[in-house]
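Sequences and hints are given; from them, build the entire structure.
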Amino acid sequence: MLSKEENDLLTRVGPGTPMGSLFRRFWLPAVLSEEIAQPDSAPVRLRILSEDLLAFRDSSGRVGLVDAYCAHRGAPLFFARNEQGGLRCAYHGWKFDVEGNCVDIPNDCRIKDNPRVLAACSIGSYPVVEAGGVVWVYMGPKDRMPPPPNFEWTRVPEGHRHVSRWLQRSNWLQGAEGEIDSSHISFLHQELDPAESALGVTGADLAVDGAPVITLKDMAYGFASAARRSRGEDYFWRISQWVAPMFSLIPRAPSPFFTGSGGRAWVPVDDYNTVTFAYSFRPDRPLSDEELELINGGAHFPPRTRKVALALGDRGPIDVFVPEAGMDNDYMIDRQMQRTRNFTGIWGVNAQDRSVQEGMRAAPSSPIGIVDRTKERLMGSDIAIVTARRKLLAMVKDLQQGIEPAAASDVTHYTARAISSISATGSLDQYLSEYEAPQPSHAEH
Amino acid sequence: MLSKEENDLLTRVGPGTPMGSLFRRFWLPAVLSEEIAQPDSAPVRLRILSEDLLAFRDSSGRVGLVDAYCAHRGAPLFFARNEQGGLRCAYHGWKFDVEGNCVDIPNDCRIKDNPRVLAACSIGSYPVVEAGGVVWVYMGPKDRMPPPPNFEWTRVPEGHRHVSRWLQRSNWLQGAEGEIDSSHISFLHQELDPAESALGVTGADLAVDGAPVITLKDMAYGFASAARRSRGEDYFWRISQWVAPMFSLIPRAPSPFFTGSGGRAWVPVDDYNTVTFAYSFRPDRPLSDEELELINGGAHFPPRTRKVALALGDRGPIDVFVPEAGMDNDYMIDRQMQRTRNFTGIWGVNAQDRSVQEGMRAAPSSPIGIVDRTKERLMGSDIAIVTARRKLLAMVKDLQQGIEPAAASDVTHYTARAISSISATGSLDQYLSEYEAPQPSHAEH
Amino acid sequence: MLSKEENDLLTRVGPGTPMGSLFRRFWLPAVLSEEIAQPDSAPVRLRILSEDLLAFRDSSGRVGLVDAYCAHRGAPLFFARNEQGGLRCAYHGWKFDVEGNCVDIPNDCRIKDNPRVLAACSIGSYPVVEAGGVVWVYMGPKDRMPPPPNFEWTRVPEGHRHVSRWLQRSNWLQGAEGEIDSSHISFLHQELDPAESALGVTGADLAVDGAPVITLKDMAYGFASAARRSRGEDYFWRISQWVAPMFSLIPRAPSPFFTGSGGRAWVPVDDYNTVTFAYSFRPDRPLSDEELELINGGAHFPPRTRKVALALGDRGPIDVFVPEAGMDNDYMIDRQMQRTRNFTGIWGVNAQDRSVQEGMRAAPSSPIGIVDRTKERLMGSDIAIVTARRKLLAMVKDLQQGIEPAAASDVTHYTARAISSISATGSLDQYLSEYEAPQPSHAEH
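Chains as they are written, first to last, in the working numbering: chain A, 15 to 459; chain B, 15 to 459; chain C, 15 to 459.
Simulated from the structure, these hints should not be mistaken for laboratory data. This structure is a prediction, so every number in the text was calculated from the model and none was measured. Don't take each hint at face value.
No distinction is drawn between identical chains; accordingly, a pair holds when it is met within one copy or between any pair of copies.
What the hints assert, rightly or not - Computed list of lysine-lysine pairs in DSSO-like fashion (alpha-carbon distance at most 27 Å, straight line): (1) Lys321 with Lys405; (2) Lys156 with Lys321; (3) Lys321 with Lys411; (4) Lys231 with Lys156; (5) Lys126 with Lys231; (6) Lys18 with Lys405; (7) Lys156 with Lys389; (8) Lys389 with Lys18; (9) Lys126 with Lys389.
Structure follows, in structure tokens:
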């Protein structure tokens, strides 16, 4: 349970907000590289931390993440021509490169070639890097820029990995909290017939013991956690990581079914909308056709989506993947299926998650999308959520005092790896020490 | 005409508002019994007085009207499993019975069976009764609970009655005022060709004399009224009742066409939306197939509707019947029909009502849906509206002073009956004394 | 660049705002005469300066522009019967003539024929005139009424002219500023293949010289401007006029293609929506079938539209023509066409305009639709925009001091005529003195 003030502090992410400022200390996933694969292809409209941005790739392949509006009179640069090294505004032909520099003002006879004027007409831009099939952005102060993203999944060869993104109609924290909440899997994602299990989670594994013993370990990047479930004479262990402010490392289930580790990142669009980035990967070999077919089928992450231009609230459109199953169609719930096939009657793991996260009780005088955390009843099973909130609040308050978040410059998560195991013995510490991703090579730093 | 303050006082109904508190002194229709006919069937999402509730029937047939969100972390219980005596939340499996008691917390190994913890994790619930094919709810203080609903129409055998509900896109008072406004019938519902009259209202009856003489009589439950229209040498009398805060008893027209008495109740969803409950019944015998066909045809009440999950404002969806003809399609107005067939060019009595009520001039700085009552020009023909407002304001202000509304515990409306008559003589008092519904038997109390 | 206060001052137009008051000193286009061509036809719902109005033509052909709601209880008069000299409200039959006088109250037996009561029950109405195929309204103080509209295009015979109107989803000023911004034509409306030029603007004319030399001349009505573009050894001259507060006179291009002069007026619906009125005309002869086909084809003004009832914000619907290409479908942009055919990849001159105007960067804490003018970088090419703003701000501030706008009673624009020319010599003064529309005859005053 949080006070109203604490809930506001963690959920409000627009320019100038404390939590928005904390997010701006981290590299954030912005867009998939494949969405702007071709040089001079159409720009993609993003909104991150309530700021309107455009992602585009210029003629020479460089990626820019720039202010979505022209410096001249605020026309939307989405309609610009992406040509010869920059975006040329459709209104008067002003042109901007990937760094936001104004490189041409062709509509004024007196200042066309005046470098001083051009210099005064740049648009905002943010540093980007491409890693793991994702364009990442750093939106904070230049002198606080942390090392670039370096998760195990960003380092594996391209064919070993699948990345995706889609819209969740809730505040970022509602999604991120679901990620680190181990016990819900036994209920929300339970298949009544274990043979149907989408997660490879069977009655013998996750579903039977819905009250796992949870252990946390503080880490420089956030925490690692173990959820231990009884499974006959053995335990079923799941070791996962929360990397501040909102990355997860989730192990694959010990089944022949789901074949890669994975995880998510929850990037705030605004206070009420989030883009979920998901990755699946194999450290050891490329994903097989069968695995890719499974991933693209929509049963886990990503859900089935279509890419649309979507106006949110009273703002202009963004370009985003929208799930087919959503609040507007009750996530395609089938009550008969709920009686006989799975716990929810909803198909697909992510749709199941969104069905309980997007429509949570709204905070007082808030639109739907931010849950009222003053009315919760948290239990021991919520220890990971409680801990993440406590750590985030501490970071937010520290930053308000001028103390930078240590987690932003963490390098220990480079070797973090989520794992699962069936064993009668073990401990979180033991699993963490036994299973590590390889250190990045020098070239990958 | 009301002052802005008075208008706000009567139209704002959310938690903590004076009018909302007054509503909470009465039993209110919440949902049709048939919508949750089967044990363990899907719950129905309601919003009443701006509060999100779920109606469901448990395995043993008991009905619950409970808070729509889980006590744990606010997940929407609409997606819960309705199984073995309660709703089991889809997120972590917490389970709640029809009284809102938490009966299981299966996801925490330490508190699964701890009765003290369970007791602290209940969700809100309200007392319900089923009467007249409707689930009624009492949302007020327990020690102020009035006797259960007991209208004549709730007491007749099931086959004698038809009940329905649907959404009106306006504040409750705009609908309720139309109900007690006798003179509009001669205009809004007039058929230019009397033979076509949907209300059985012909030129010789309602339509000819659009300026009825209206008499009111104060009653413990609200008031009774007589509208007397000239009809050649006779009068056409209509005796109807307003039962606080928003019930109506309306007589059938003296025609072979419409065969039961009826009326409505106007239950606020929020400040801008209302669920209209309508009933038709015969005291003397079951409704015939022909009568049911007529009622279900949509020409009067209910209109033609379809049941949908509808998001209102910036809140989540509710489950409600939405009329086919609405503001978004101009109530399917046909201007040619308006010239030749009826007064409005709109088909269906309720669509005619909504066409003039939903789109009324909005109060300053209000969305459409609350009419600006500071700009009215009320006449003698509006005496019933003026009187109802006066009584409601008095009750609201009394309640603010701690004086409970006497109307809430009224029993005299048990025998109220609306009637119509064609007669050269008569008076309201005389009709009221001659025509009464039978007293409820002991078992019906 | 404007301060936030100045931007608010120019863009907020509702009742009581300074800019709204300035607009109320001018005759404003309200609706096309052809939309209410027939006596007793359906009324048309308008919203002008945030005020809800109905336009209708009565049995004798008189046009009324009246308050959209009944004086009685605020019912929407759109659903009224337009019959025998007035609108009869569908709710209780109250009747209002084109001047808003209440001429019948049929539902009250005591006051039906009471002239004193009728007089107290009028609804608001505004003076109208029909000119140029348009119904014009004057919404200001009666004693400040200026002479009726008298542009050259309003005086030519009916067959010489085409008028249209449609919705722009932005504040009025964003549209009006585009109108007087000469340089954008070389970019936004450029055809990469000159032969395809929709404006008759070819590489040799507008497109080649995107940085025209612009000259302004103060006029009693606003200003006249010349944009001079280099064209080989000649200049391409365009002389146009801005007539306060938001009328434009635009010359036809010197090509065989577009055959009439034209212009627009930008009438605020509310702060975020505008109805654009457009006219094309020939002073010398009727528009040919070929010309009308071209105009109606949608390539310039008007765009392709359909007439709909459209709810805006949280208000009721208005009747308006909505363009097929809009923000919700990204103006049907075709990126391949943008590479090979024209500058934008968008078909149609007006859709091109709206693509850059409607989605401009929103002012802080404003919905999309009002551009943030505190973040602009204006150049010499924006001199017309800067000047118009300065003049408008001066008029607004004068009016706040009680000084009436001289432009409202201007008669010099009666002879204003936009022209274009290809010539090695010339000046704005010279063109203005050489080319004038004929003075209106006495009858046209």
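*Any hints this thing doesn't respect? Which numbers, in order?*
Structure breaks hints 1, 2, 3 and 4.
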